[in-house]
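Chains as they are written, first to last, in UniProt numbering: chain A, 1 to 215; chain B, 1 to 215; chain C, 1 to 215.
FYI, nobody ran anything at the bench for these hints, they're computed from the structure. Careful, some of the hints might be misleading.
Put simply, identical chains are the same to the list, so a pair is met inside one copy or across any two.
[To be verified] Computed cross-link-like contacts, SDA-like style, restricted to lysine to any residue with a CA-CA straight-line distance of at most 20 Å:
| id | residue 1 | residue 2 |
| --- | --- | --- |
| 1 | K30 | P146 |
| 2 | K204 | L79 |
| 3 | K30 | R196 |
| 4 | K30 | P120 |
| 5 | K30 | A93 |
| 6 | K204 | S89 |
| 7 | K30 | V145 |
| 8 | K30 | E144 |
| 9 | K30 | V68 |
| 10 | K204 | E152 |
| 11 | K30 | A143 |
| 12 | K204 | D12 |
| 13 | K30 | E152 |
| 14 | K30 | L156 |
| 15 | K30 | R90 |
| 16 | K204 | V87 |
| 17 | K204 | H85 |
| 18 | K204 | A3 |
| 19 | K204 | A34 |
| 20 | K30 | V140 |
| 21 | K204 | W96 |
| 22 | K204 | F187 |
| 23 | K204 | L78 |
| 24 | K30 | L168 |
| 25 | K30 | L78 |
| 26 | K204 | R58 |
As the structure is a prediction and not an experimental result, all values here were calculated from the model.
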Amino acid sequence: MTAFDALLRWLDIAGIAVFAASGALVASRKRMDAVGFVLVAAVTGFGGGTLRDLLLGRIPPFWLRDPVWLAVAGSVALLIFFTAHRVESRFRALLWADAVGLALFAVLGAEIALLSGATPWAAVLLGVVTATFGGVVRDVLCAEVPLLLRKEIYALAALAGAAVFVGLRMQGVWRDPALLAGMAVAFSIRAVAIARGWSLPAYKPRPGRDYPDRD
Amino acid sequence: MTAFDALLRWLDIAGIAVFAASGALVASRKRMDAVGFVLVAAVTGFGGGTLRDLLLGRIPPFWLRDPVWLAVAGSVALLIFFTAHRVESRFRALLWADAVGLALFAVLGAEIALLSGATPWAAVLLGVVTATFGGVVRDVLCAEVPLLLRKEIYALAALAGAAVFVGLRMQGVWRDPALLAGMAVAFSIRAVAIARGWSLPAYKPRPGRDYPDRD
Amino acid sequence: MTAFDALLRWLDIAGIAVFAASGALVASRKRMDAVGFVLVAAVTGFGGGTLRDLLLGRIPPFWLRDPVWLAVAGSVALLIFFTAHRVESRFRALLWADAVGLALFAVLGAEIALLSGATPWAAVLLGVVTATFGGVVRDVLCAEVPLLLRKEIYALAALAGAAVFVGLRMQGVWRDPALLAGMAVAFSIRAVAIARGWSLPAYKPRPGRDYPDRD
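Just chain A, with the same shape it has in the complex (with noise of 0.2 Å):
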């Protein structure tokens, strides 16, 4: 195993470690039970690359090859379950939870797409499947409304590292620069989405006007 090998294998883990951070945070937010914490955790961070292995075809997925993942989605969610409760604001610790593991799993499942055979253009979306359905599943099962679909700037930064990442792979950057830089750029942007609150122009019934959505 190389270092960059290595390092694969920790981003991997930083990445199911910080979604599952994100769905405990979210149990923490609906009072679930210590039980309710792990499963949140880990639908959350096994979600998008469950399906991305569904359509890949590469079965059984990873967390059922391999108890490693249960068990880092599940120390997390008991740690978060001990600790919640002193965190200043559980919405703000989750949104940036949810910010690294999109960064992190936009440019891994891109990788593991690539690795697999896909194109390029299936390995970007991969990505973004990837870093978005566990989030989905997440926030559809807690009947919160998915992050996805705020108006903060979401998908486009899954994408735009994605993107950057297969690109500069096909540009035959080396991976490990490559993955960097992908990694960086949907971080970068989701975080300054966060940060200062940016977001791409909503959709608005009449120009002008502004009244409730009613038909």
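Given the coordinates of chain A, assemble chains B and C onto it according to the supplied hints.
Below, chains B and C without anything else, positioned relative to chain A:
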């Protein structure tokens, strides 16, 4: 490519386009940004076919094999982002776009299942899955009551269309008249249900009394 | 077919039937029409096994291979459509039907996973997936709070049942006593949790204080 194959491809594109339009109309009701429009449009347009492909083992699903599908869904979504405010009632427009998509996908989904070697029985069910799943994901994601579960006749229209198509094919009828007959049946049933408010009798807790259901 | 295989098939049918009943009872709480009853019953009965089959690469899933499963789910749904108003509390009936299904599917799902060559670890997890996923889809589709995430012990019962079954099998215990022991464990835990209102300690924002969670 025969004239019929060309027709089939156009019907497929039309199905993606109208379901994408229905997704974008829900996005407009929820005042999402342009990326949200594209995401909901794509999920609605691709959802049913993706589940069908996963259940048949057709990996990877169609939208990862050819960029045209995302181009179609994205163009429709952006068109609606800029024009939906001109629509009299976005909910009526949504109902009709969804009805056209339902009719096209019920039959096209059954056709693809037959071509993949499914039994007639499985082909009819996969037609219903193809026609309904995208809309269900759209509605769950956007926290709307699924059209599938509203009281107007919906799944039954898809079932009738898929069954007519598969039945005619089993009788030896050529593919194009069978396709058109199935689509006509599905669309007619759904159209009458929308236009006249037709519905099946719903469950009532006690005959003759109508009180809120608390248990 | 040995006596045991016959038992296994009957247990499978019973599992589909009770989960279908739980789905139909949710449909009755939502006052759907008869088609809605059948749809929700089928999704609840088939959901867990379908996800298990997809994760194991068993394509197509069982309900596309044999019409008997839809016949079972549909008959149960229609029976409940006409009789649910006679049930004292549809929510209690739903809880108990769901509990029986949970116990059966946790063990039967793990058994199918072992037969498909899964490791003991994966088999236990797939037992939990088989037992819980159908109910989650039922609840999300009908906009109810998932039973899985309520405070009573739920996933833990499925986990215990699947683990007891797989553990006994690994120790060389014959299949039928192992199956029955696993089901008894899962059902007993869940039954006590329902009957006595047992639950695990839930997350509290601050020790000793109990205020609405706003962040």
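Do the hints match the structure? See the list:
In the homo-oligomer, the alpha carbons of K30 and P146 lie at most 20 Å apart both inside one protomer (15 Å) and across protomers (12 Å), since each shortest distance falls under that limit. Taking the shortest Cα distances, K204 and L79 sit within 20 Å of each other only across copies (14 Å), while inside one copy they are farther apart (43 Å). With identical chains, the CA atoms of K30 and R196 are never at most 20 Å apart, being 27 Å at best within one copy and 23 Å at best between copies. When the C-alpha separation of K30 and P120 is checked against a cutoff of 20 Å, the pair qualifies neither within a copy, at 40 Å, nor between copies, at 33 Å.
Taking CA atoms no more than 20 Å apart as the test, K30 paired with A93 passes inside one copy only; the shortest distance there is 15 Å, against 26 Å between copies. For the identical chains of this complex, K204 and S89 are inter-copy neighbours only, at 15 Å across copies versus 31 Å inside a copy, given an alpha-carbon limit of 20 Å. For the identical chains of this complex, K30 and V145 are neighbours both inside a copy (13 Å) and across copies (11 Å), given an alpha-carbon limit of 20 Å. Taking the shortest alpha-carbon separations for K30 and E144, both the intra-copy value of 10 Å and the inter-copy value of 14 Å come in at or below 20 Å.
When the C-alpha separation of K30 and V68 is checked against a cutoff of 20 Å, the pair qualifies neither within a copy, at 27 Å, nor between copies, at 40 Å. Taking CA atoms no more than 20 Å apart as the test, K204 paired with E152 passes inside one copy only; the shortest distance there is 16 Å, against 30 Å between copies. When the C-alpha separation of K30 and A143 is checked against a cutoff of 20 Å, the pair qualifies both within a copy, at 10 Å, and between copies, at 16 Å. For a Cα distance limit of 20 Å, the shortest separation of K204 from D12 qualifies neither inside one copy, at 40 Å, nor across copies, at 31 Å.
Proximity of K30 to E152 under the C-alpha cut-off of 20 Å is restricted to the inter-copy arrangement: shortest distance 14 Å between copies versus 23 Å within a copy. In this assembly of identical chains, the alpha carbons of K30 and L156 lie at most 20 Å apart only when taken from different copies (19 Å versus 28 Å within one copy). In the homo-oligomer, the alpha carbons of K30 and R90 lie at most 20 Å apart inside one protomer (11 Å), although the nearest pairing across protomers, at 25 Å, exceeds that limit. Within a single copy, K204 and V87 get their C-alpha atoms only as close as 36 Å, which misses the 20 Å cut-off; across copies the closest is 13 Å, which meets it.
In this homomeric assembly, K204 and H85 come within 20 Å of each other (Cα to Cα) only across copies, at 8 Å, whereas the closest approach inside a single copy is 38 Å. Taking identical chains as interchangeable, the C-alpha atoms of K204 and A3 are never at most 20 Å apart, the minima being 51 Å within one chain and 42 Å between chains. Proximity of K204 and A34 under a CA criterion of 20 Å is satisfied inter-copy only: 11 Å between copies versus 42 Å inside one chain copy. Both within a single protomer and between protomers do K30 and V140 lie at most 20 Å apart by alpha-carbon distance, with minima of 13 Å and 16 Å respectively.
Within a single copy, K204 and W96 get their C-alpha atoms no closer than 29 Å, and across copies no closer than 22 Å, so neither meets the 20 Å cut-off. With identical chains, the CA atoms of K204 and F187 are never at most 20 Å apart, being 29 Å at best within one copy and 32 Å at best between copies. Taking CA atoms no more than 20 Å apart as the test, K204 paired with L78 passes between copies only; the shortest distance there is 13 Å, against 43 Å inside one copy. Taking identical chains as interchangeable, the C-alpha atoms of K30 and L168 are never at most 20 Å apart, the minima being 42 Å within one chain and 36 Å between chains.
With identical chains, the CA atoms of K30 and L78 are at most 20 Å apart within one copy only, with a shortest distance of 15 Å there and 35 Å across copies. Proximity of K204 to R58 under the C-alpha cut-off of 20 Å is found in neither arrangement, the shortest distances being 42 Å within a copy and 40 Å between copies.
Hint check: violations occur at hints 3, 4, 9, 12, 18, 21, 22, 24, 26; the rest are consistent with the structure.
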